[in-house]
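Which chain is which? The protein sequence lines are C and A, in order. Numbering of the first sequence is given in the numbering used here, commencing with residue 5 and proceeding in unit increments. Numbering of the second sequence is given in the numbering used here, commencing with residue 126 and proceeding in unit increments.
Don't take every hint at face value.
[Stated by the list, open to error] The calculated lysine-lysine pairs, modelled on DSSO-like cross-linking and capped at a C-alpha distance of 30 Å, are: (1) A:K171 - C:K254; (2) A:K133 - C:K206; (3) C:K265 - A:K133; (4) A:K199 - C:K265; (5) A:K199 - C:K212; (6) A:K199 - C:K254.
The set of hints was computed from the structure by calculation and includes no laboratory data.
Each chain, letter by letter, is given below.
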Amino acid sequence: MLGHQDHGKSTLIGRLLYETKSVTAERIREAREMSEKLGLEMEYCFLLDAFQEEREGGYTLDTTRAQLRHGNTIFELVDVPGHKEFIKNMLSGASNASAAILVASMKPGEGLQDETRLHVSMARLLGIKRVIVAVNKVDLAGFNEKKFNVFAEELREFLKAAGYDEEPLFIPVSAKLGDNVSRKSGNTPWYGGPTLLEELAKIAAEDKGLDKMHLRLPVQDVYGGVLVGRVEAGVLRKGDEVLFTPSGRKAKVTRIIEFGKELGEARAGNNAGFEVATDTTGLLDNVCSHVDNPPRLTSKIKAKAFCIAGHSISKGEALLFKCRNGETRTRVTQITHKKDCRLFDEADSPEKIVEYELGEMNLENEDALVLERFEDFPQFGRFVLLKGNAVAGVGTVEETY
Amino acid sequence: MIAQDLDKLEEESVYVLREAKKRFKKLCCLWSMGKDSTVTVALSRKAFFGKVPYPLVYINNGIDFQQTYDYRDKMVKDWGLELIEERSIIKDDDISGVSCCGANKTEALMRVLDEHGFDGVIVSIRRDEHGIRSKERVFSPRDQEFRWNYKDQPAEMWGEYTSKFDGSSHVRIHPLLHWNEIDAWRYVQREKIPVNPLYFAKNGKRYRSLGCTKCTVAVDSDADSVDKIIEELKTTQVEERSGRAQDKEKEHVMQRLRALGYM
Chain C
5 MLGHQDHGKS TLIGRLLYET KSVTAERIRE AREMSEKLGL EMEYCFLLDA FQEEREGGYT
65 LDTTRAQLRH GNTIFELVDV PGHKEFIKNM LSGASNASAA ILVASMKPGE GLQDETRLHV
125 SMARLLGIKR VIVAVNKVDL AGFNEKKFNV FAEELREFLK AAGYDEEPLF IPVSAKLGDN
185 VSRKSGNTPW YGGPTLLEEL AKIAAEDKGL DKMHLRLPVQ DVYGGVLVGR VEAGVLRKGD
245 EVLFTPSGRK AKVTRIIEFG KELGEARAGN NAGFEVATDT TGLLDNVCSH VDNPPRLTSK
305 IKAKAFCIAG HSISKGEALL FKCRNGETRT RVTQITHKKD CRLFDEADSP EKIVEYELGE
365 MNLENEDALV LERFEDFPQF GRFVLLKGNA VAGVGTVEET Y
Chain A
126 MIAQDLDKLE EESVYVLREA KKRFKKLCCL WSMGKDSTVT VALSRKAFFG KVPYPLVYIN
186 NGIDFQQTYD YRDKMVKDWG LELIEERSII KDDDISGVSC CGANKTEALM RVLDEHGFDG
246 VIVSIRRDEH GIRSKERVFS PRDQEFRWNY KDQPAEMWGE YTSKFDGSSH VRIHPLLHWN
306 EIDAWRYVQR EKIPVNPLYF AKNGKRYRSL GCTKCTVAVD SDADSVDKII EELKTTQVEE
366 RSGRAQDKEK EHVMQRLRAL GYM
């Protein structure tokens, strides 16, 4: 759930919780009492878990998660802080999302703001492919079709500039009153599309197809000859000939086990335990694949990296590079381009990037690691850049050399 | 209450536990004998093929229920668990959340961590339990005084858990963070995990959340089996910790408790 503070993200989640009956009566009563105590009308955002200072201050300090059920589907909605200084929390909260709901207010004077740009740029960087735009507070714009279309056009341009090329869906909603959230609104007869909940259900039904990809299984640990690790993609079967990268060792899978039983296969998402017909020393942190579809082992990459507040990333600088396959020292050999994610200002060949800036850069890692293009294999195409123990940047692999 | 896919929950928890085992030098797991921490112990058996590879820490205030003590002894024997017990001392009659659960239990925990040099502590909190817990990270550092700095939490990107933090005394690992109360019970049912008998109704009352004898109140219920508890939770309109004094006595006591180091 993205968007600027006050544009109604928390209220929209609260409204969804309320309409899908995903919260208890006790919680609703508490929210009502809390609203009255603060001299407000029913605030649906109080149905979300919150810190005391968040409720009293009317803003979101840290990521909040809310679960709602609709039919057989469970959605986890993540409310991210609207303030720009809380971008770190937003990145944490949104980094596993499969779709983003951008909440943008039609209330006169609120419109598009820097934080919205920042949020959308981050969603793009995180690899969230789908965006639904909830054009909120349509009631305060008189449910006016023309105003809605004008605003949608502005948002369309803006999403394109942030890297979202596909036509997004724009839904006129009022989180406060409930229009087009779970029920079609009589106030917007000119809108023929789905409600927000219908669109969410449609996206949830799409198959990610991880099972159909090539096998990628990073060896997380070794317990007395048993290798363990989560199958990130593909399927591991008993009898498969597998390859471990970077060690280059090949072996046959002799057993796939779980506590108390043997299995025939382990699929994407499973935490596999397995044995191979070879010595397991030195296989920790290797990536297991099938022999005929090895992963890419590389130390030189072209990447995009976003700089976290309070840090900078400079040309020539040495940092710690951490990805799914492990960590290594890295050097920024070149920064070819940068873009400010709030203002969309751009510059070529800068010396460094600072907070809110996204840089295109070349990195040279000390050790070769399994790295893939983010577009092909997201799990192996993303990384963080550390200075000491602090995350200074987050990035994605564009090209490997 | 929303029931989630148990297979997915189990996978995520097993991943977190294995990641913790890999990343910390010395791990322990808090075990209160309640259903949640017992589910974590059961998940640990799954993750490590039958043998829980870290000791369980139980903070005993001496006023837990007799059934809890009996249950502890049976489980330790049946599952071959290594148990570290630390006595927390109740200094006065004040059983308010902050001084009793907070100061006494937190102090006892500090002694255990100090004595054994644990750098990672597995704690079975769930996001749905309490508003404040919903903001937690899976790997969550505590400072030298065991405080939780919820205003400046580390970034936790793409499920890549970081175990090193500047100035932290230890890191809390939360393998059940994404579970709901009903999921814990459905898992107990599916995996046939023995639970503390206090959860089952007797004479129209049962404990839904277990603390010690002083701050835990039984709720009205006829659910005298795991199946009935699950049925009850499907339709309940009451929050889980409504029987826990510490949560209700003062608004946001839990926020203060957690910031001060409570589990």
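Verification of the supplied hints:
no.: 1; hint: A:K171 - C:K254; in the structure: 28 Å, holds
no.: 2; hint: A:K133 - C:K206; in the structure: 21 Å, holds
no.: 3; hint: C:K265 - A:K133; in the structure: 19 Å, holds
no.: 4; hint: A:K199 - C:K265; in the structure: 25 Å, holds
no.: 5; hint: A:K199 - C:K212; in the structure: 44 Å, violated
no.: 6; hint: A:K199 - C:K254; in the structure: 46 Å, violated
The structure fails to meet hints 5 and 6 from the earlier list, while all remaining hints are met.
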